[in-house]
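Enquirer: Residues per chain are reported as follows:
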Amino acid sequence: MARIDGTSAFLARGLRTLALAVIVLFFLFPILWIVLMSFQTNEQILRIPPSLLFDPTIVNYRALISGKLVTAAGQLDLPFMRNLGNSVLLSSVSVLLSLVLGVPAAYAFARFRFRLGENIAFTLLSFRFAPPLLVLLPLSLYFQDLGLANTYTGLVWVYQLICLPLILWIVRGYFEDASPDIEYAYRVDGHSWWRAFTRIAIPLAGPGIAAAGLLAFIFAWNNFVFALILASADKQPVTVGALAFVTASGIQYGQIAAAIVLSILPTLALALYAQRWLVEGLSLGAVKG
Amino acid sequence: MSADPGLAVRALSVTFGRNHLLRGIDFDVAEGETLVLFGPSGVGKTVLLRAIAGLEPAARGEVRVAGRDVSMRGPEARGIGMAFQNFALYPHMSARDNIASPLRARGVSRAEIERRVGAVADLLRIGHVLGHAPKELSNGQKQRTALARALVGEPRVLLLDDPLRNVDAKLRYEMRLEFPRLLRTAGAATLYVTQDYREAMALGDRVAILLDGRIAQTAPPETVYEHPDSVAVARLFGDPPINLLPCRPTESTGGVQVAAAGLRLTLPAAQHAIGRDCLLGLRPEAIAVHAAALPGAAPAQLNATTPLHERLVVLLRAGGEEVVASVLGEVPVPGSAVWISADPAQATLFDAGSGARIAAPAPVREAA
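Top line first, the protein sequences correspond to chains A and B.
Those letters in the first sequence? Residues 1 to 289, per our numbering, in order.
Those letters in the second sequence? Residues 1001 to 1368, per our numbering, in order.
No wet-lab data here; the hints were simulated from the structure.
Note that the coordinates shown come from a computational prediction; the quantities given were computed from them, not determined experimentally.
Ideal Cβ positions, reconstructed from N, Cα and C, are used throughout, including at glycine.
Hints may contain errors.
[What the hints assert, rightly or not] Here are some of the chain B residues that sit facing chain A, going by a computed Cβ distance under 8 Å: (1) P1075; (2) E1076; (3) M1082; (4) A1088; (5) P1091; (6) A1105; (7) G1140; (8) Y1225; (9) G1319.
Next up, chain A with everything else stripped away, as it sits in the complex:
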């Protein structure tokens, strides 16, 4: 009896492991393939049949980092590292600005009832429904007039359309989940509302703020169309800069793969770093549920 139970438990565990392996393979294989591609030359990539065995080369990475792309048609300047720098700058400044604006706003929407409060919150959310192309034409005209076209300031401003609603709505939920009694208790202890906000409300919503910030960073990082229209080469992020790999002499698959690997790294590092706060419980059992 016990042996049969043991066998079936072993079988169940084996099947579960197998299922997980299939899922992981399904989702991670494209990324693995890209990593492999990034260490091959275009000729190796395009041979038929494709092979997992090859002589790894770092020529793609060298081209990206040095900024010189050598093709059959000649040498080409590649501003990839500058694009990567632009992506880091635009995404992080946008997320920081959104956090500074969005977290206090989220707190206000969560804790206070005021005239048109819900309407304002919904209007901010509705920025996420509108297709970006709908607002891009008028926006680019305004930006020309205001002198914001092709500036970091202008791009960071437009990126608020991506980051701010996300942060506002996610963080608002976390503030609403925390019992206001905890802040009230801190006020009664003799602390000002500002201290109650910074010492109690923000730490308790910490995991939510980290999650929202990370998500906003990824959305900003992946944005393509705003930067395509509103920025020229020297201000463009990697998503737009990758277009340069489609050259007159063909598509540079090796460099594209290497560029993808390099552009995944910052978000990956940030996600691993923020994970610590993401998994921490919200209320930690201070309030009797």
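Since the structure of chain A is already known, use the hints to place chain B on it.
Expert: What follows is chain B alone, placed relative to chain A:
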């Protein structure tokens, strides 16, 4: 020194939209006194406490702490200590830091904080868990930590929002015994919210009954129990609940005569009760159950019994009415025929229309 009460509340009202939750609340709590705020759930007890603490923006009226009007001040400047029903501990701080919070807010020196936190922790017997985070504390320890935080700043006014609601029965009894000593040590004007009338009886110097947005009666707990001002107060305060038997008093020498549930009682009630529809209020302990007929006793059917603490609650049917008695000692088995009698001194007569008590020699009462 002036005789300012520790806490004075005047014309305090809270209105949410069209819902007038509290309408003109007035009361005083003397320093060192414990006033129990008693009422059914949802009546606004917690809102009243929050209004006094300055946490209720919709509150109107005056709150005075030790003679000082604090109505326009924020919660941090009122000099109040408060324990919340859900404890409301700061989850990211240790128990020590939780308790130290009111002292930190006032910039008390490090050594002094250490000393006072230690003293209050000893008083509440949580000295051994000061280093723990709230999630590592048992419910009883959480509750004591929350109390310690309210007490450590030696506030003039202490607001306790049903502090024993979320702790288990054993701890509730322990704390009920401990509270009088604790509150005496604190010496603050204490407002204690509860829904448990036994807690109110045990802890209150006086009890204020909150009903329909107003304070229906303020009196020492025994007075509220024995002479409730209205049917509503009588129903609310007491477990098992009071018997309310319809009757119409008739004239009698030395008062009025009342017949209900087969009982005939002569009460020294006011003459104007004669001929009106009334309710005879009889606490379950005021009814005695007899196995044999006695002069003046009424026949009854014993339907069921259930033990409650040291007493036996007995469900009876007499003269077409359900009657609940609470007796000490043995009673016949359910289904038996028994006789009941009642002590007229413990009976209260209410007007059936208004629900107000019909006082015997009408005591002078202040108009609200």
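Enquirer: Of the numbered hints stated previously, which ones are contradicted by the structure, given in increasing order?
Expert: 7, 8 and 9
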